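Peer 1: First to last, the sequence lines map onto chains G and Y.
The first sequence begins at 1 in the working numbering and counts up one residue at a time.
The second sequence begins at 1 in the working numbering and counts up one residue at a time.
Hints listed in this document are in silico derivations from the structure and should not be mistaken for laboratory results.
Note that identical chains are pooled: a pair holds if it fits in a single copy or bridges any two copies.
Calculated lysine to any residue pairs in the SDA-like style (CA-CA distance at most 25 Å, straight line):
| no. | residue 1 | residue 2 |
| --- | --- | --- |
| 1 | 315 | 35 |
| 2 | 140 | 268 |
| 3 | 296 | 213 |
| 4 | 307 | 215 |
| 5 | 307 | 281 |
| 6 | 233 | 216 |
| 7 | 211 | 267 |
| 8 | 209 | 234 |
| 9 | 209 | 227 |
| 10 | 296 | 230 |
| 11 | 109 | 71 |
| 12 | 233 | 213 |
| 13 | 90 | 145 |
| 14 | 209 | 228 |
| 15 | 211 | 296 |
| 16 | 299 | 217 |
| 17 | 296 | 150 |
| 18 | 299 | 268 |
| 19 | 140 | 323 |
Since we're looking at a predicted model, the values are computed, not measured.
Protein chains: 2
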Amino acid sequence: MRQTPLLLSSILGLALAALAQDPLPSWQDTAARRDVIAFVERVTKPGSPDFVPPAERLATFDNDGTLWSEQPLYFQFFFAVDRVKAMADKHPEWQTQEPFASLLKGDMKAALAGGEKSILEIVSATHSGMTTEEFQLVAKAWLATARHPATGRLYTEMVFQPMLELLTYLRANGFRTCIVSGGGVEFLRAFAEATYGIPPEQVVGSVGKHKFELRDGVPAIVKQPGIEFLDDKEGKPVAIERIFGRRPIAAFGNSDGDLQMLQWTAAGPGARLCLYVHHDDGDREFAYDRKSSVGKLDKGLDEAAAKHWTVVSMKNDWRVVYPPK
Amino acid sequence: MRQTPLLLSSILGLALAALAQDPLPSWQDTAARRDVIAFVERVTKPGSPDFVPPAERLATFDNDGTLWSEQPLYFQFFFAVDRVKAMADKHPEWQTQEPFASLLKGDMKAALAGGEKSILEIVSATHSGMTTEEFQLVAKAWLATARHPATGRLYTEMVFQPMLELLTYLRANGFRTCIVSGGGVEFLRAFAEATYGIPPEQVVGSVGKHKFELRDGVPAIVKQPGIEFLDDKEGKPVAIERIFGRRPIAAFGNSDGDLQMLQWTAAGPGARLCLYVHHDDGDREFAYDRKSSVGKLDKGLDEAAAKHWTVVSMKNDWRVVYPPK
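For reference, chain G alone in the conformation it holds in the complex:
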């Protein structure tokens, strides 16, 4: 028993250190930060009427524009463009076939003239014809070297430092943090665990077609052209229901594509946190909302105001945007 006082003081010391340590140092002391902390305290305090058991503490995050940047184009699209260039030797027909021909000439505007159809063709052609394991290697190699045209950073260096802190803070409070993104699920998994600490089974995204086949007796799952499920807008709550089978108690987005996920989250019983990241910081990141072709936030901004959801001003609520290099 002699060591008890010493042991007790050690435990107390650790507890005080933990209390003193700010879990969200990159967040200004504004309403957004207070909303987040008040919500987490309400649902984690034992005996509180809003207490939620850890198994039900599901928090879903959009990725593009919510966890990392998405301008001037979704980063996965830059990956697809680089893949077209890398694969062009094996596709001589692309020299004359749109949208590939314009893209190979460096004329992005002409390549995208066909709108979503062109994007789908470019993504389909570059994300198929290989096994899921081969795709992981290709995507990881690109992420390790490719740099953003405006910032010169690796794409994984364009994640939002305050959101990394938020993910860690939620997990420390027993939440399961998941991605629910319009991006391709396999592309997301190529960096989600190393970058966000989110393991593959907690990543939901758009899904291409797949074919299981035996190659000389060895099974392989081969990515096929075409999209099987688009995880955007109404698709997000549907995917959450299908894959997790429970409703989130907290949801984080930045665009109208996330609105249905936030509506679905908000409509459950008990305490809820719905949060929009508003891109209003043209100096440190990009400023866009109601009229942007990428990450348009229009209806969502109105609904957030009407329903008193938390809207983060990147300019006013965040001390820093990207992690220090």
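Since chain G is already given, all that's left is putting chain Y on it; use the hints.
Peer 2: Same frame as chain G, but now just chain Y:
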């Protein structure tokens, strides 16, 4: 420090008790049991060349015929039949429309004369037109009261006691135990947590169509007629890859519908466990394999022999089949 010897002896006592406690008491001391234990010890022993970190200890289980019985028809089909009867008042057209008319007259043979098309129509009609939350209530109410025509047991009392022990044993060794079933994912979730200790996000199954809609401003996910994804045969490894994003290191099935999942599992690097439950116990359960229309095990039996997978004889390897009532 005075209490240390007492404390130490308590800890030692607990450890010895744990060692002495058989984790698989319903398994005979035969090769099947030894295969399972040898595999678990290989992948969990720190420093072993076959060690697998807990995050990668994914074990996938078929449900029908692997975790509970499936004769004379899949239990979910009995649920659908009871739903047709319960819903008949609101569907006067069913009195003359097949397969519903025969089913309502109690002529199951005629109702199923149309084969898979009839089954799909019956399942579609009874599993749609309600929200996912309403469906949970309906399925749970049925499971709480409906009884199997041959045994008189609740369906959830027809789970296999040795498999319940295996699930618990794997989880105690850091495995994530998941269901990957041809059954409907929402039907499975209505009992998987209470019956098997498997939470909703670890249940993969066949998926119907869904529609997200706002009803007077309140969001709902409404089940639609039709099947979006059939989680059987080639569908199983594809669903595992899409949803979990990692390959199982252990897989458990009982039919040719599980063969591709076992092939996919077996083909990964390192130690693997592929196990078939063979229904050869007509006295305590049902005896069927190569020629059964439900749970046919033909190609799988040959491949298991060729690849030295573990085949459990329910008759010889299990002391009991169902839990005591």
